[in-house]
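Chemist: With the hints as constraints, model all of the structure from the sequences given.
Here the working numbering is used: the first residue of the sequence shown is 295, the next is one more, and so on.
Derived by calculation from the structure, the hints in this document are not laboratory data. Small disclaimer: the values here were computed from a predicted structure and weren't measured. Warning: the hint list may mix true and false statements.
[Unchecked claim] Below, computed lysine-lysine pairings styled on BS3-like, alpha-carbon distance capped at 25 Å: (1) LYS326 with LYS364; (2) LYS589 with LYS460; (3) LYS399 with LYS356; (4) LYS738 with LYS777; (5) LYS460 with LYS526; (6) LYS356 with LYS329; (7) LYS807 with LYS738; (8) LYS399 with LYS329; (9) LYS526 with LYS807; (10) LYS399 with LYS326; (11) LYS356 with LYS326; (12) LYS807 with LYS479.
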Amino acid sequence: MPHQELIRVVQRLSFCRDLPAVFSVLQNSARKLTKADGVTIVLRDGDFCHYAQEDAISPLWKGRRFPLEKCISGWCMLNREPVAIPDVFADARIPHDVYRATFVKSMAMAPIRTENPLGAVGAYWGDTCHVTPEQLDMLQALANAAAVAIANVQLIDSLQEANRRKDDFLAMLAHELRNPLAPLKNSLHLLSISNCDPAVVEQSRLIMTRQVDHMSRLVDDLLDVSRLTRGKVSLHEGKLELNQLVRQTLEDRASALAAGRLQLTTDYSPQPLWISGDSTRLTQVIANLLDNAVKFSDGAGQLHICLASDETNRQAVLRVRDSGIGIAEELLPHVFESFSQADRSLDRTRGGLGLGLAVAHGLVTLHRGTITAHSEGQGRGAEFVIRLPLLQVAPMAAKTPSEPKAQQRRQRVLIVEDNQDSANTLRMLLELYGHEVRLAYDGKEGVTAAQQFQPAVVLCDIGLPLMDGFEVARTLRTMPEAKSARLVAVTGYGREEDRQRAFAAGFDAHLTKPVDMTQLLLQIEPAGNKL
Numbered sequence: 295m296p297h298q299e300l301i302r303v304v305q306r307l308s309f310c311r312d313l314p315a316v317f318s319v320l321q322n323s324a325r326k327l328t329k330a331d332g333v334t335i336v337l338r339d340g341d342f343c344h345y346a347q348e349d350a351i352s353p354l355w356k357g358r359r360f361p362l363e364k365c366i367s368g369w370c371m372l373n374r375e376p377v378a379i380p381d382v383f384a385d386a387r388i389p390h391d392v393y394r395a396t397f398v399k400s401m402a403m404a405p406i407r408t409e410n411p412l413g414a415v416g417a418y419w420g421d422t423c424h425v426t427p428e429q430l431d432m433l434q435a436l437a438n439a440a441a442v443a444i445a446n447v448q449l450i451d452s453l454q455e456a457n458r459r460k461d462d463f464l465a466m467l468a469h470e471l472r473n474p475l476a477p478l479k480n481s482l483h484l485l486s487i488s489n490c491d492p493a494v495v496e497q498s499r500l501i502m503t504r505q506v507d508h509m510s511r512l513v514d515d516l517l518d519v520s521r522l523t524r525g526k527v528s529l530h531e532g533k534l535e536l537n538q539l540v541r542q543t544l545e546d547r548a549s550a551l552a553a554g555r556l557q558l559t560t561d562y563s564p565q566p567l568w569i570s571g572d573s574t575r576l577t578q579v580i581a582n583l584l585d586n587a588v589k590f591s592d593g594a595g596q597l598h599i600c601l602a603s604d605e606t607n608r609q610a611v612l613r614v615r616d617s618g619i620g621i622a623e624e625l626l627p628h629v630f631e632s633f634s635q636a637d638r639s640l641d642r643t644r645g646g647l648g649l650g651l652a653v654a655h656g657l658v659t660l661h662r663g664t665i666t667a668h669s670e671g672q673g674r675g676a677e678f679v680i681r682l683p684l685l686q687v688a689p690m691a692a693k694t695p696s697e698p699k700a701q702q703r704r705q706r707v708l709i710v711e712d713n714q715d716s717a718n719t720l721r722m723l724l725e726l727y728g729h730e731v732r733l734a735y736d737g738k739e740g741v742t743a744a745q746q747f748q749p750a751v752v753l754c755d756i757g758l759p760l761m762d763g764f765e766v767a768r769t770l771r772t773m774p775e776a777k778s779a780r781l782v783a784v785t786g787y788g789r790e791e792d793r794q795r796a797f798a799a800g801f802d803a804h805l806t807k808p809v810d811m812t813q814l815l816l817q818i819e820p821a822g823n824k825l
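Modeler: The structure is reproduced here in structure tokens:
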């Protein structure tokens with residue numbers, strides 16, 4: 295019975311794990327169930343039909359491509375419906391010259407997936423015959439079953455690719471974290487045997503600072519990608535002038551550009567480019583593009599920055615063009631995906647996690663803008679173009695905030711932190727600034743210490759044993775000895791919901807580890823800011 299055979303075909307298709315297996319089952323079954331002399335499987339390839347597979351009494355068109363509008367398989371896909379043609383030479387939709395060299399006199403064609411077809415399956419007969427409705431229905435049923443099987447294969451392929459990328463990323467992450475750990479351990483060993491030689495101490499300090507900064511950037515990139523993916527990034531927008539923002543970012547990254555031996559040229563817009571944006575986040579975007587240019591330039595190269603106004607579309611346009619290694623054509627569509635890098639070799643000479651451009655794309659999108667990548671190929675450089683909406687009315691230029699100065703007034707500071715190394719190094723730093731410091735290594739000990747020490751400032755971790763930081767804050771707010779103290783959460787939990795939960799528990803400020811010392815010292819001032 296045909297329907298029982300169709301059920302068996304569907305079962306066989308469900309076990310297929312690649313396209314050749316799907317095609318094999320489909321062409322054999324289609325020929326058998328329709329009693330055809332030949333079967334073809336056609337895949338859509340842009341504006342062309344690719345005759346990928348065939349099983350016939352003599353050759354048809356395997357491997358050839360025809361324009362969609364010039365063959366019946368294309369008609370079938372474009373119209374999303376099956377078709378039966380009793381006499382191919384009497385139908386105007388058929389390219390007669392192509393069929394004269396074959397045995398085909400009659401045919402039927404059914405789309406593989408009726409919504410946005412990805413191909414078609416054709417059945418052919420050597421004698422002129424009337425294709426029955428049952429045969430056409432059977433052909434369409436086989437095409438529908440094949441569509442499900444192909445979707446399953448594509449899903450399996452995408453899952454395997456995602457798993458491969460995850461494995462690649464974990465290996466890359468381990469490599470990138472081990473890299474800075476090696477000089478950190480070496481520097482610590484040097485300090486332990488150098489008898490405090492000032493030159494060795496200074497060199498070790500510089501090395502450790504660079505490596506800690508590098509690790510901080512890795513962690514920040516990971517957190518940013520996670521937040522962007524989950525829609526958890528909040529912008530603090532204000533009126534910004536893009537020329538000025540780019541100038542400031544170039545000044546901040548001058549040493550990195552010099553180290554990369556890049557020759558910088560700039561072409562600023564003659565008129566102000568006023569936009570609405572988060573200055574910190576847009577600076578991060580620009581810095582990521584500059585760092586990308588440095589990373590993928592082999593030795594000396596050129597870097598050109600161009601800013602202009604697109605009055606037609608009311609957009610500010612920033613172009614960052616380098617003369618580096620360029621982007622291969624096959625990688626170009628994926629450059630803004632997380633963990634995507636041009637350098638996939640084991641030597642990992644470029645470094646990084648391949649997150650900078652993904653972060654830039656996410657942040658530009660949040661600003662209602664676009665970022666695109668262009669490259670003529672490997673060895674021919676790359677250009678990134680950012681477009682941001684211009685403000686309708688140019689505002690008054692905002693004053694540039696002055697650099698905050700650390701307050702040296704002596705304070706009583708309680709540190710509640712279960713990581714003893716972190717607590718002790720922070721204590722030593724604050725004591726060098728003249729503050730009186732007490733330590734507690736769990737939440738309950740912190741509450742007791744606050745009662746005895748009566749601190750002006752409490753720096754408290756969140757993930758504490760015995761009593762977490764939120765409960766510590768709520769408890770301190772009820773105690774006469776500490777309810778007026780300034781409570782600062784110093785934690786690795788840096789999401790926006792973590793900040794809001796900290797404020798709800800009674801904290802005055804929220805700082806994410808590793809803490810910037812300037813910001814921390816500002817929080818220890820009597821009138822610290824809410825962060």
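Chemist: So, for every hint listed, does it hold in this structure?
Modeler: Against the structure, the hints:
The straight-line distance between the Cα atoms of LYS326 and LYS364 is roughly 28 Å, outside the 25 Å bound, and the hint therefore fails. The suggested pairing of LYS589 with LYS460 holds, with an alpha-carbon distance near 23 Å, which does not exceed 25 Å. Between LYS399 and LYS356, the direct Cα distance comes to roughly 18 Å. Compliance with the 25 Å bound is thereby established for this hinted pair. For the suggested pair LYS738 and LYS777, the alpha carbons sit about 16 Å apart, so the restraint of at most 25 Å is met.
At roughly 22 Å between alpha-carbon atoms, LYS460 and LYS526 fall within 25 Å of each other, so this suggested pair holds. Straight-line distance between C-alpha atoms of LYS356 and LYS329 comes to about 20 Å, which keeps the hinted pair within the 25 Å bound. About 22 Å separates the Cα atoms of LYS807 and LYS738, which keeps this hinted pair within 25 Å; it holds. Between the alpha carbons of LYS399 and LYS329 the distance comes to roughly 14 Å, so the proposed pair stays at or under 25 Å and holds.
For the hint linking LYS526 to LYS807, the alpha-carbon distance of about 18 Å falls within 25 Å, and the restraint holds. Straight-line distance between C-alpha atoms of LYS399 and LYS326 comes to about 18 Å, which keeps the hinted pair within the 25 Å bound. Taking the CA atoms of LYS356 and LYS326, the gap is near 20 Å; set against the 25 Å cutoff, the hint holds. Of the supplied pair hints, the one linking LYS807 and LYS479 holds, its CA atoms being roughly 21 Å apart against a limit of 25 Å.
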